[in-house]
Amino acid sequence: MLSEDVPWLPKKEKLREIYTSYVPHLNVLIVRIEEFLRSIVKIT
470 MLSEDVPWLP KKEKLREIYT SYVPHLNVLI VRIEEFLRSI VKIT
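Going letter by letter, the sequence shown gives residues 470 to 513 in the numbering used here.
These are computed hints drawn from the structure, not numbers from a lab.
Incorrect hints may have been included.
[To be verified] Here are the in silico distance ranges between beta carbons for each label pair: (1) Ile-512 / Lys-481: 27 to 35 Å; (2) Val-492 / Thr-513: 42 to 50 Å; (3) Ser-508 / Glu-486: 46 to 54 Å; (4) Ser-508 / Leu-484: 31 to 39 Å; (5) Val-510 / Lys-480: 27 to 35 Å; (6) Ser-490 / Val-510: 27 to 35 Å; (7) Lys-511 / Lys-480: 41 to 49 Å; (8) Phe-505 / Leu-484: 27 to 35 Å; (9) Thr-513 / Glu-482: 44 to 52 Å; (10) Ile-512 / Glu-486: 37 to 45 Å; (11) Arg-501 / Lys-481: 24 to 32 Å; (12) Val-510 / Glu-482: 29 to 37 Å.
Since we're looking at a predicted model, the values are computed, not measured.
For glycine and all other residues, C-beta sits at the position ideal for the given N, C-alpha and C.
Assemble the whole structure, with the sequences as input and the hints as a guide.
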């Protein structure tokens, strides 16, 4: 399904902007979660 066919969907450029602005936050979250899990594993 192409975003051009549906008027209420954001355009690909906008989606790319949103994606590139959110990816760093996601990466940081993943790293934090991994560190948290490792600390739990060390404790048990």
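Verification of the supplied hints:
Ile-512 and Lys-481 have their C-beta atoms about 45 Å apart, which leaves the hinted 27 to 35 Å range violated. In this structure, Val-492 and Thr-513 break the distance hint of 42 to 50 Å, their C-beta atoms being roughly 32 Å apart. The given range of 46 to 54 Å is broken by Ser-508 and Glu-486, whose C-beta atoms sit roughly 35 Å from each other. Against the hinted window of 31 to 39 Å, the Cβ-Cβ separation of Ser-508 and Leu-484 comes to about 36 Å, which satisfies the hint.
Taking 27 to 35 Å as the suggested C-beta distance range, the pair Val-510 and Lys-480 does not conform, at roughly 44 Å. Between Ser-490 and Val-510, the C-beta spacing of about 32 Å keeps the proposed range 27 to 35 Å intact. For Lys-511 paired with Lys-480, a C-beta distance near 47 Å keeps the hint of 41 to 49 Å intact. Restraint check, Phe-505 to Leu-484: a C-beta distance of roughly 30 Å satisfies the suggested window 27 to 35 Å.
Take Thr-513 and Glu-482: their Cβ atoms lie about 47 Å apart, and the range 44 to 52 Å holds. Remark: the range hint 37 to 45 Å for Ile-512 to Glu-486 is upheld by a beta-carbon distance near 41 Å. Restraint check, Arg-501 to Lys-481: a C-beta distance of roughly 30 Å satisfies the suggested window 24 to 32 Å. Between Val-510 and Glu-482 the CB atoms are about 42 Å apart, so this pair departs from the stated range of 29 to 37 Å.
Checked against the numbered hints given earlier, the structure breaks hints 1, 2, 3, 5, 12 and satisfies all the rest.
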